[in-house]
Amino acid sequence: MNLFNKPTLSIDEREIIDSITQNGAERKKGEERLFNRYAYFIKEAVYKYSLSEEDGFDLYSDTIISAIEKIANGSFQGRSSLKTWLYSIFHNKYVDLLRKKTTNKNSIHQTLSISDLLLEISDHSKSIVQKLVDKTDWELLRERLVQVGENCLQMLLLWADGYSDKDIAGLMEYKTPDVVKTTRLRCLEKLKQLYRKT
Amino acid sequence: MQNYLEYIDAYFQRTLEAEEIKRFEKKITEDKEFADEVAFYLSAKQSLKAEADREKKEWFREIMAQERPVIDINQHRSAKRIWLYRVSAAAAVLICVFFAWYFFFSNNSVSPQQMADKYINEKFKTLSVTMGEKDSLQEGLRLYNTEQYDSALKQFESMAQRDTGNYKIKNYLGIIYLRLGDYDKALQYFKQFENETLYSNPSKFQQAITLLKRNLPGDRQRAKELLEQVKDNDLEGKETALKLLDKW
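Protein chains in written order, with this note's numbering: chain U, -19 to 178; chain R, 4 to 251.
Wrong hints could be hidden among the right ones.
Claimed, not checked - 16 Å max Cα-Cα, derived EDC-like pairs, lysine to aspartate or glutamate:
{"id": "1", "chain 1": "U", "residue 1": "Lys50", "chain 2": "R", "residue 2": "Asp56"}
{"id": "2", "chain 1": "R", "residue 1": "Lys25", "chain 2": "U", "residue 2": "Glu100"}
{"id": "3", "chain 1": "R", "residue 1": "Lys30", "chain 2": "U", "residue 2": "Asp103"}
{"id": "4", "chain 1": "R", "residue 1": "Lys216", "chain 2": "R", "residue 2": "Glu125"}
Simulated from the structure, these hints should not be mistaken for laboratory data.
Make a model of the complete structure from these sequences and hints.
Here you go:
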């Protein structure tokens, strides 16, 4: 499907999407444009949903982060305008926030959602992995991240943010995607050793 | 312990053949050590994603802070920045330098909104105080000039309650809200003295500047109308209004 033939998108919206699907500085430019373009949603969250400015900012930032991810991996189909699509994410996130606030009012520690990643595993294996994932010491894992070294951390962050080995090779000036893959797996192994050492 | 990371990575990168995928998933159910490795891979990726999102959020805060210098949504700034964002920041500085140079040598291509930005940064960076005087108004201006906008706001708001007809206080309140990025409130205050007969009334011009900054649908057109009125009625800000209209 050619997204850019869709009449629902304005020229400006197409430019933003095009930038986000690029690499490096061009992608950052697109991300910044996307964030700025609908930043007034924060004000709407304050007035319409009676959220604090902080919560409004969080809600909007989460929306943009999620949108960037979807645009970058090609999930955005362009069936509606960017604004309409973004607003639906924004609203859904607000409903989620509301649900979390009502159901977990006293919960201090909330587990990270891993369901998106687990979709790739068959149902039969899913519950086994989910149980093991639930045992993760998230705080410890986060502490260990900073111990893997700056280069490793940067590479792993880019990978987790959806950049391919090819993209990372370009950004971090590695010769080939294969070298990135080898280095990335070595970094993951290092993280695992650090995490399990304790 | 066997190193399964490459195998696991291949599964999640979807590079395994259909038969191999079946074997992979079967292995999870049969081999506890392997299932542990898969769980670690996913946990690590999720933790890294959360970290990447947090970095991105910090960057968004910085973007917001550039737009609205005083409202600091999150006081807890992270000390760590990943390389990519450092490079972005450096790139942003270079872009700023380029634009500064560009505007200096080629003022013709500046948009009305950019001119409004420039105007706000230049004209409202500090407000003139009367030396020697130490009344509430001067104190409010001192607070503003030292960028204590929240305190200045309180000072002027309390004065506005006591002195409801003072257009100067309303003007200062409008300017503070404009600096804070609360364009709706800035417009409210500027509009309050729009029809007052003054020797020099900046209301309409400042409403136009605020509308250009807010930039909601229809704001640009309304700003243009106001600037036309400033021009036609010889109101304060005419010189800049003419330049802005020239860029339209």
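Do the hints match the structure? See the list:
At most 16 Å may separate the alpha-carbon atoms for a hinted pair to count; U:Lys50 and R:Asp56 meet this at roughly 14 Å. With a C-alpha separation of about 12 Å, the suggested pairing of R:Lys25 with U:Glu100 holds against the 16 Å cut-off. Restraint check for R:Lys30 and U:Asp103: the C-alpha separation of about 14 Å stays at or below 16 Å, so the hint holds. At roughly 15 Å between alpha-carbon atoms, R:Lys216 and R:Glu125 fall within 16 Å of each other, so this suggested pair holds.
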